[in-house]
Amino acid sequence: MASSDIKSIQDAQKAKRRKLVLKRIWQLKWIYLFMLLPGLAVIIIFRYLPLPGIALAWKKFTPTFGSKGLYSYLSSSKSVGWKHFQTLWKEADFWNATRNTFLISLLKLVFGFPFPVILAILINEMTLKRYKKAVQTIYTFPHFLSWVVVSGMVLNLFGDTGAIKSVLGHINPDWTSNWNFLYNSKSFRPLLVISDIWKEGGWGTILYLAAIAGIDPSLHEAAIVDGANRFQRIIRITLPEITSLIIIMLILQIGNMMNANFDQIFNLYSAPVFDVGDVIDTYIYRKTFQSSTAMDYGFSTAVGLFKNVINFILLIGANRIAKLFGHDGIM
Amino acid sequence: MAKNRKYVQEETVSAGAHMVRHVHVFDVILFIILTLLALVIIYPFYNTILVSIVPQAVYTRQPFMLYPKQVTLENYKFVFESPLLLRSMLNSVILAVVGTLYNMILTVLLAYSFTKRDMPGRNFFRFILVFTMYFGGGLVPTYLLYKALGLVGNWWVMVLPTGVSITYMLIVSSNMSELPAEIEESAKIDGANDVQILFKIVLPLIKPILATFTIYYAVERWNEWYSAMLYLKDNKLWPLQQTLRQIISSANVISTSLNGESRPPVYGDSVKMACIVVTVFPLMALYPFLQRYFLTGLTLGAVKG
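Top line first, the protein sequences correspond to chains A and B.
Count the first sequence with the numbering used here and you get residues 6 to 336, in order.
Count the second sequence with the numbering used here and you get residues 3 to 307, in order.
No lab work stands behind these hints: they were computed from the structure.
Be aware that one or more of the hints could be misleading.
[What the hints assert, rightly or not] For lysine to aspartate or glutamate, the following DMTMM-like pairs were computed, each having C-alpha atoms within a straight-line distance of at most 20 Å:
hint : chain 1 : residue 1 : chain 2 : residue 2
1    : A       : 28        : B       : 120
2    : A       : 138       : B       : 29
3    : B       : 149       : A       : 301
4    : A       : 83        : A       : 301
5    : A       : 137       : B       : 120
6    : A       : 28        : B       : 192
7    : A       : 134       : B       : 192
8    : A       : 28        : B       : 187
[To be verified] Output of the computed footprint for chain B on chain A, the stretches with three or more beta carbons under 8 Å from beta carbons of chain B:
hint : stretch
9    : 36-45
10   : 91-98
11   : 108-122
[To be verified] Some chain B residues near chain A, calculated using beta-carbon distances under 8 Å:
hint : residue
12   : 44
13   : 62
14   : 141
15   : 274
16   : 296
Cβ coordinates follow ideal geometry from the N, Cα and C atoms, glycine included.
Extracted from the complex, chain A is given alone in its bound form (with noise of 0.2 Å):
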């Protein structure tokens, strides 16, 4: 055979080969674009698809009888400029509702956040390692219930008819005679943070018992050669181990503050206790679904949009504070 025959052949085999190899990685890339599409297609339908439904908040809601479209409200629907946010600012439930928000977030970062904190510690200082796991098995438990079963044994347990007024009504008749956990404001927010933290205090260690187990053995073998007692050791060694995870776990809650938890207050409240519980969700909620001016929906929008804008910016911060403290944000 000629060289230039081999040559030919080999040129053809060459091409062939880069043919097949770009076929494959074309190939390739489209496959992962079909693996994605799916879940890309539901986000984008039910997540993005809405978002033009937020221009109804500088407009007033005229529903379109008989046209088709999914955003055939919005044409039909008349702009009215910056009104809806004017009436909101002057609105006083709107600012109630505000107002609840942050200082039950705050309430609950107070008194709830340092209880899974502590517990941990507490967890971790247990030798007997069955009635450790019995005990995590009970108090993680809460968490995987919803707020309507919570809901309905707080409404149980403190309501009219239930076994706590019953303990205190035989104390002393006189505390019961008036008085309903649920419907009284003093005691409502009180609830809410309790119940909050029965139900996420427990599940709150998890974190905090992952991080104490990575710290090293040395340090404490160390200390209790020095002669470190036990408390000496948690405050000096576990505590400050474990501080940037708090400092992380601390911002990310501060940055959540506007999401006082909707699906809790939404099955404890009720109209008495409005001026201490409504929250901003609730508060949209209300507006939209039990309106006295029918079909508000341009105002609920707008409650919406204000909420969401600010919740957005304390999350993005937040999340960008936190990772300065080494959280390996998502974004």
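Assemble the complex: chain A is given as a structure, and chain B must be docked to it using the hints.
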């Protein structure tokens, strides 16, 4: 301090062997605190169960009970003879199965595609997905969209929008990327395409993580009530949680009562508690056995190092 020195001496003497400690006051106090806390956590459950197995009249006379003075199954009989509640239970089971399957398939596909660095537009898509965690349309735009899509009054409104939890998806994805690259490469050399690699190689290797998030999604679907309350007026479609909610909240009026009467009935505390027990029981029964799956999910993607 003599006490400390004795403690220290015992530790160093037995350093080589298993660490033996004598019981400290601290240990006893610790045990007491943890046990008391466990009792406080358990008490509402205990109370609920007690109220549910006691006749309503007995409960009304003496709401606070440490033990049941008279046991009856009449409340549970009421629950299991109610067509509404039975249908709700069935709805919840179907919802949990279908919903979880839907969630997991989408999650796994998304997660795997994100492990491929050469996927076109990877960062862009990641941004799009993560963005939804921070900002949303709000109640009204979402409601109006669902209405336009025909989801209002449709059972699927409890399933389809739940889509994917981005947090879970990212954790699964990072877990997939941690698998050694050689496994995939050798599979490719053997001629496998990506779908085969995903299902026959990657998924079996991350089974624990898959189990964890299957459970997380299943619990979320089981606890679903909000979308039913907003979008489903027909109580035949309601999941258990929403029916439970209606029964518990005293202010609401049920259009069709549990037993078909037209007059909205008032449910006794005992019946309400029986409903709660029925709702919680599957979780309570499974939790101790599956606990490690429930707990690992949180630490998987969180604490690094």
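Item to complete: Starting from the hint list further up, note which numbers the structure goes against and sort them upward.
Response: 5, 7, 10 and 11
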